[in-house]
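> Chain by chain, the residues:
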Amino acid sequence: MNIVALDQLWVYLSGHPLVSLLATLVAFITASWLNRKMGGTPLLHPVILSIALLIGFLLLAGIDYSTYFEGAQFIHFLLGPATVALAIPLYDHLERVRAMLMPILLACCAGIVTAVGSTIGLAALMGAAPETLLSLAPRSVTSPIAMGIAEQVGGIPSLAAGLVLLTGSVGCALGPWILRLMRIEDPSVQGFTMGLAAHGFGTAHCFASMGAMAGAFAGLGMALTGLLTAFLLPLMTTLLGL
Amino acid sequence: MPLIVGMSLLLGCQFIGELLARGLAVPVPGPVLGMLVLLLALMIHGRVPSALRHSGEGLLRYLTLLFVPAGVGVMVHAQLIMADLWVIGVTLVVSTALTLAVTAKVMSWLSQRRLRRGTGA
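Each protein sequence line maps, in turn, to chains X and C. So for the first sequence, the working numbering puts the first residue at 101; every next one is plus one. So for the second sequence, the working numbering puts the first residue at 180; every next one is plus one.
Because the hints were derived from the structure by calculation, they are not lab data. Values in this document were obtained by computation on a predicted structure and should not be read as measured data. Hints should not be assumed to be uniformly reliable.
Residues from chain C shown here face chain X by an in silico Cβ test under 7 Å; the list is partial [what the hints assert, rightly or not]:
#1 GLN193
#2 ILE195
#3 LEU198
#4 LEU199
#5 LEU238
#6 THR278
Where a beta carbon is used, it is the ideal one built from N, C-alpha and C, also for glycine.
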C-alpha cells in the first residue's frame, strides 16, 4: 500500500467515463437537494445549479469538456428517446390540443416573431457583431434545430447551441414569475408558453413542477416552435436584409 | 421486460425519425420527427401500450437531468460569450421575458374568447 499511487490512480480515473457519469448524477442530486432546501426557488433551478457545480468541478479537476462528455454522453443519449416519448402526454391530452388548435398556432407564430424580432432588434441596437447576432437569432429553439438554422443564416452553430442553453436557463428562471405576474393559471397556456420560450429546459421544468398537462403542452410548444422557426427565420433574416 | 419493449418502441420511432430527417434532408432533428411518428402511431392504435407508458414516463420524469451534459458545454463558449457579455445578457433576459409575455397573452386571450363564444352561443 503506497500513497504515491493515489495521484497516478486519479490520472487514470479522471479520463475514465465513470468519473463524469458519476459526477453528473451526484451534481444533480446535490442540486435538487439544495433547491429543495432553498424552498424550490426557480432562480436556483436544479439544472442551472448542476451545470454550475459540474463546471466548477471540471475546472478544479482539470478535466476538459470532451473528456467529460465521453462519460456524460450516456445520459445525453437518452434525450433522443425522451423527445420521442413526449408523444405520450401529447396523445393523452389530444382532445384539449384539438380544441385549442387555432389559439396554439396563432400564439406560436406571435411568440416566434417576438423572440426573433426582439432578439435581432436589441442585439443590433447594442452593436453586437454580425456573427453573434445571427447566432442569437434562433436562441429560443431546441439546440439541434437551432444549430442547423444558425448555419443556414450565417451564424456560428456551436455558439448558437450555447446561447440556446442560456436562453433555456433564463426562461426557467423568469417564466414562472412572469406567468404569476400575468395571472395565467391555465396549465395548457403555462406549458405552451414555457415550451415555446425555453424549449427543452422549459418542458423539463413543466414536467418537474407544473404537472403532466403543462408538460404535454410544453412539449408541443417546443416541437411546433422548432418546426415553424426552421421555416420562418431564414425568411425573416432575408426580409430584414441581414 | 416491459422496460425493454418500451425502450425498443421509443428507439424504433427515433430511428424512423432519423431516417426521415436524413432521407428528406429537412433541417429538423430526427427525435422531433420520431415524436410525430409515435404520435401518429398512437392515434392509429387508439391507446398507449402499458410498456411504452412505463418507460416513456420514466424518461420524462428525469428530463431535467438529461439536459445537464449539454448544458455543461457552455464552458466551451465562455470566451465568445464573455466578448459580448452585456449585449448577450441584456438581449437574452429582455427578449425571453417579452416572448413569454406575448405568447401567454395571445394564447390565453384567444382561448378564453373561444371558450366564451362556445358557451355563449
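> Would you check whether LEU198/C satisfies its interface hint, that is, whether its CB is within less than 7 Å of any CB in chain X?
This interface hint is violated because 13 Å lies over the 7 Å limit.
> Go through the hint on THR278/C and say holds or violated, using the shortest Cβ distance to chain X against 7 Å.
With Cβ-Cβ at 4 Å, under 7 Å, it holds.
> Is the hint on LEU238/C kept, meaning its closest Cβ partner in chain X is under 7 Å away?
4 Å, holds
> Under 7 Å is the threshold here; is the Cβ of ILE195/C close enough to any Cβ of chain X for the hint to stand?
Given a least distance of 10 Å, the restraint on ILE195/C is violated.
> For the hint on LEU199/C, just tell me whether its beta-carbon gets within less than 7 Å of chain X.
LEU199/C check fails; min Cβ-Cβ to chain X is 13 Å, beyond 7 Å.
> Does GLN193/C hold up as a contact with chain X if the rule is Cβ-Cβ below 7 Å?
Hint holds; GLN193/C Cβ to chain X Cβ min 5 Å, cut 7 Å.
The structure is inconsistent with the numbered hints 2, 3, 4, although it conforms to all the rest.
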